[in-house]
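Number of protein chains: 4
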Amino acid sequence: MGKNRLEAFSDGVLAIIITIMVLEMKVPHGEDLATLTPLVPVFLSYVLSFVYIGIYWNNHHHMLHATDRVSGAILWANLHLLFWLSLFPFVTGWMGENHFAPLPVALYGAVLLLASLAYWLLQRTIVADQGDGSLLARAIGNDAKGKLSPLLYASAIPLAFVSTGLAQVLYVGVALMWLVPDRRIERVLGRGE
Amino acid sequence: MGKNRLEAFSDGVLAIIITIMVLEMKVPHGEDLATLTPLVPVFLSYVLSFVYIGIYWNNHHHMLHATDRVSGAILWANLHLLFWLSLFPFVTGWMGENHFAPLPVALYGAVLLLASLAYWLLQRTIVADQGDGSLLARAIGNDAKGKLSPLLYASAIPLAFVSTGLAQVLYVGVALMWLVPDRRIERVLGRGE
Amino acid sequence: MGKNRLEAFSDGVLAIIITIMVLEMKVPHGEDLATLTPLVPVFLSYVLSFVYIGIYWNNHHHMLHATDRVSGAILWANLHLLFWLSLFPFVTGWMGENHFAPLPVALYGAVLLLASLAYWLLQRTIVADQGDGSLLARAIGNDAKGKLSPLLYASAIPLAFVSTGLAQVLYVGVALMWLVPDRRIERVLGRGE
Amino acid sequence: MGKNRLEAFSDGVLAIIITIMVLEMKVPHGEDLATLTPLVPVFLSYVLSFVYIGIYWNNHHHMLHATDRVSGAILWANLHLLFWLSLFPFVTGWMGENHFAPLPVALYGAVLLLASLAYWLLQRTIVADQGDGSLLARAIGNDAKGKLSPLLYASAIPLAFVSTGLAQVLYVGVALMWLVPDRRIERVLGRGE
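Protein chains in written order, with my numbering: chain A, 44 to 236; chain B, 44 to 236; chain C, 44 to 236; chain D, 44 to 236.
Bound-form chain A, shown alone:
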C-alpha cells in the first residue's frame, strides 16, 4: 500500500486549511484606515496559525519521507490529526475576532494541544508498524520537542484566564522552537543513504 495518496490527500487538506483561514478575515465595508484597525488581531492570529500549519506540513513531510508503507491504522491516525488541524480556521477566527479574549485564547490552546497529541499518536502508530530499528524510530530519538510542546500548550490553557499575553507568548515560543526544521530526521536520513 503506497504512501503517495496519503501524502497527496494530506497536502490537499493542509493547503485548504491554510488558505481558507484567510476567509475569516472578512473584507470590511469602508475604505479608510479605521476600517482596517479591528482586523489587526485577526491578521495576527492568521499569521500565527499560518506558521503552525506550515510547521505541521513541514514535519509531516519529513515524517512520511521516513515511512515505508501505510497501514489502515496509519490512515486513521493521519485523519485524526487532520481533524484537529481542520479546526484551526474556526479557533483562529474566534480568537482574532474577539481580540485575544481569555476563552478564545484557551480554546486555541486546546486545539493546539489536541493536534500535538494527534501528531504524537500518528508518530507512535508509524513506529509501531515499522519497528524500533526503523529509520523513523532512530530519527525521532528521545523526541524532546514533541514531548515538551503538549506540556506547554496544556500550561497555556489555564494561564489564558490569568494572562492572555503569557498564553500567547507560549504559543509563539513553541512555534519558534519548531521553526527550526527537524534536522534529526534529515541527519539520520543523510547517514542512511
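If you're looking for bench data, these hints aren't it; they were derived computationally from the structure. Any given hint might turn out to be false.
[As the list claims (entries may be wrong)] Cross-link-like lysine-lysine pairs, in silico, DSS-like; alpha carbons within 30 Å at most:
| # | chain 1 | residue 1 | chain 2 | residue 2 |
| --- | --- | --- | --- | --- |
| 1 | A | K69 | C | K69 |
| 2 | D | K188 | C | K46 |
| 3 | A | K190 | A | K46 |
| 4 | A | K46 | B | K46 |
| 5 | D | K69 | C | K69 |
| 6 | C | K69 | B | K46 |
[Claimed, not checked] Not the full set, but computed from the structure, chain B residues with beta-carbon under 10 Å of chain A:
| # | residue |
| --- | --- |
| 7 | G73 |
| 8 | P81 |
| 9 | L87 |
| 10 | V90 |
| 11 | V94 |
| 12 | W100 |
| 13 | H108 |
| 14 | D111 |
| 15 | R112 |
| 16 | L178 |
| 17 | A218 |
| 18 | M220 |
| 19 | L222 |
[To be verified] Examples of chain B residues lying across from chain C (beta carbon under 8 Å, computed):
| # | residue |
| --- | --- |
| 20 | E67 |
| 21 | F133 |
| 22 | L160 |
| 23 | A161 |
For every residue, glycine included, the Cβ atom is placed at its ideal position computed from N, Cα and C.
Starting from the known structure of chain A, arrange chains B, C and D on it as the hints suggest.
Only chains B, C and D this time, still in chain A's reference frame:
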C-alpha cells in the same frame, strides 16, 4: 488510460469537502461560553461527517488500488459518487444548525443513502469493466457491509420522524462498522502479490 | 517541460470549483420543508454546473493525455480556460437564486460560451505546438461537437429573453451531447498504441 | 529530499487562492442589470489578481523545474511566498468593493510588493543552496524583471494617494511585462539538455 488523475481529482474533491464543512461552523460573535453552546450540535454533526468522508476516502483508496484501468463509464460513476458526497457540507450544516430536527436528520440519511448507492454503482462499474475474476471482484466477495449499509440508511430515514435519536444511532453504528478498515482487499492483495 | 504539474494544477482548480459551488446553496434557517423549496432551483443549477465541470474535467483529461509537452502558450491558454470556468460558481448561484430569470440565464450562457471558446483555443494551441500529424490532431478530426456547442450557447443567450425554458433546454441538451465520452481520442489512442 | 511534495503543496495553495477569490464576488440579490453594475470593479480586480496568481504559478513552475533538491530553508522561503499570496483574496476583495479607492489600491500594491520580495528571497535561497554555477543561477542571469518589479510596486503605493489610475496602470503594466513567459529559463534548460 491511467488512474492517477482520477485519484488526484477525487482526492482533491474529498479534501475540499472534508475541509469546507468546517466553514458551516460559523465563528460566533461573542467571547463567552454561552456563545459556543449552540455550536455543539454543529460540531457533533461535523465530527460525524468528517468520519464518513474519511471512510469514503479510505475505501475509495483501497478500491482504486485494486483497479487496473479507467474507462469513461468509471470516470462518470466516480463523478456521480463525488456529487452526492459534495452535498455533505449542506446537509451537515442544516442538521447541525437545527439541532438534529426530524427533517434535517432524514435528509442527512437520504444523502448517506444516495452516496452509498453511488459507491456500490462505481464498484459494479469497475468490476464489470475488469471481469469477475479480477482482483477487485475477489476482494469484494459477497460485500455484506456494502449491501447492509443502504438498508440501514433507508430504515433511518422514516425512523427520523419517529425518533431522531434512533436514526442517529444508525448513522453512528454504520460509521463504526466501516471504521474497521477493509481487510478483505488488503488480504486478497497481500495474497496476490 | 512536463505536463504533470499543469494537470495537477488544473485538477486542483476544477476540484475546488466543483466543490465550492455547493457553498452558494446556503444552509437555510428553519427546519421544515418550506425552507427547502426556494433551494430547489439553486440545487438544479448546481446539478447542471456540476455536470458541466465534470465534462470539462473529463475532456481536459483526454486532451492532455494526447499531449506530449507543454509550452508557455499552452500554460496561458489553459489558465484562460480555468478563468472562465472559475466564474461558474458565481453565475450558477445567481441563476439559481433568481429562479432562472432571463438575465441570469443569459449570463450563464455567456460564461458557457466563453468557456467553450477558451477550450477550443487551448485545443488549437496544443495542435499548433505539436503539428497536424500529432495524435491529438488526428483524434480531434473535424471536431463537430466542439464547433456546434458555441453556436448553441450563442443562440441560447438571446433566446433566454424570449423563453428561459428553451435556453435551459439548450444548456441541458449540449451537456447530454458531451456526456457521451470522447471516444474519438480513446479510439485513436488505442490504435496508436 | 524530493521537490514533488513542495510542488504539490504549492500548486494546491495557488489553486485554492485563485479559486476562492471568486467568492469575494458575492452573488447579488436581484435579477436585473443594475444589480450587476456595482460588481464591475470587483470583477476587474478579480481579473488582475487571477493574472497575477497565474504569473506566480507559471514562474514558480519554471523555477522549481530548474531546482534539484529542497532544503529546510527553501521550504520556509516557499511558505513565506505563499503567505503573501494568500492575502490576495482579501486585498482584491477590498479594492474591488471600494471601487479602487486610494487606500485599498495602496494596500494591494503593498501585498504585490511583499510577494515580489518573497519571490526574490525564495530565488536567492535556492541559488544559495545550489551554487552560482547551477542551472537556475545561469537561467536567472541579471534578473532585470525581478529587480524592476518591486521598484514599480513601491512607486505605485504612494502614487495611489495622488492618482489611483496611475497606480493601476503600473500594476497592469508589470503584469503585462511578466505575461511574456520566462524564456530565459526555457532557453538555458533547452541548452542544458
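Consistency of the hints with the structure:
1. Proximity of A:K69 to C:K69 is assessed by CA-CA distance (about 18 Å); at most 30 Å being required, the pair is judged to hold.
2. With a C-alpha separation of about 26 Å, the suggested pair D:K188 and C:K46 falls inside the 30 Å cut-off, and the hint holds.
3. Taking the CA atoms of A:K190 and A:K46, the gap is about 26 Å. The hint holds against a cut of 30 Å.
4. At roughly 16 Å between alpha-carbon atoms, A:K46 and B:K46 fall within 30 Å of each other, so this suggested pair holds.
5. With a C-alpha separation of about 12 Å, the suggested pairing of D:K69 with C:K69 holds against the 30 Å cut-off.
6. A hinted pair counts as satisfied when its Cα atoms are at most 30 Å apart, and C:K69 with B:K46 does not qualify at roughly 34 Å.
7. Checking B:G73 against chain A: minimum C-beta separation of about 8 Å stays under 10 Å; hint holds.
8. Because the closest C-beta pair between B:P81 and chain A is about 14 Å apart, greater than 10 Å, the hint is violated.
9. For B:L87, the interface hint is violated, since its Cβ never comes within 10 Å of a Cβ in chain A; the closest pair sits about 13 Å apart.
10. For B:V90, the shortest C-beta to C-beta distance to chain A is roughly 8 Å, which falls under 10 Å, so the interface hint holds.
11. A hinted interface residue such as B:V94 counts as satisfied when its beta carbon comes closer than 10 Å to some beta carbon of chain A; here the least separation is about 8 Å, so the hint holds.
12. About 6 Å separates the beta-carbon of B:W100 from the nearest beta-carbon of chain A, less than 10 Å, and the hint is met.
13. Because the beta carbon of B:H108 sits about 7 Å from the nearest beta carbon in chain A, less than 10 Å, this interface hint is met.
14. Annotation: B:D111 was flagged as interfacial toward chain A, and the flag is violated, the nearest CB pair being 15 Å apart, outside 10 Å.
15. With a cut of 10 Å, the hint placing B:R112 at the interface with chain A is violated, because the nearest CB-to-CB distance is about 17 Å.
16. Of the supplied interface hints, the one on B:L178 is violated, with its beta-carbon coming no nearer than about 14 Å to a beta-carbon of chain A, more than 10 Å.
17. Here the hint on B:A218 is broken, as its CB sits about 12 Å from the closest CB of chain A, past 10 Å.
18. This hint is violated: B:M220 has a C-beta 14 Å from the nearest C-beta of chain A, more than the 10 Å allowed.
19. Interface restraint check: B:L222 against chain A, minimum CB-CB distance 7 Å, threshold 10 Å, status holds.
20. The interface hint given for B:E67 is met, as the beta carbon of that residue sits about 6 Å from the closest beta carbon of chain C, less than 8 Å.
21. At its closest, the beta carbon of B:F133 sits 6 Å from a beta carbon of chain C; the interface hint therefore holds under the 8 Å criterion.
22. Taking 8 Å as the C-beta cut-off, the interface hint given for B:L160 is violated, the closest approach to chain C being about 17 Å.
23. A hinted interface residue such as B:A161 counts as satisfied when its beta carbon comes closer than 8 Å to some beta carbon of chain C; here the least separation is about 13 Å, so the hint is violated.
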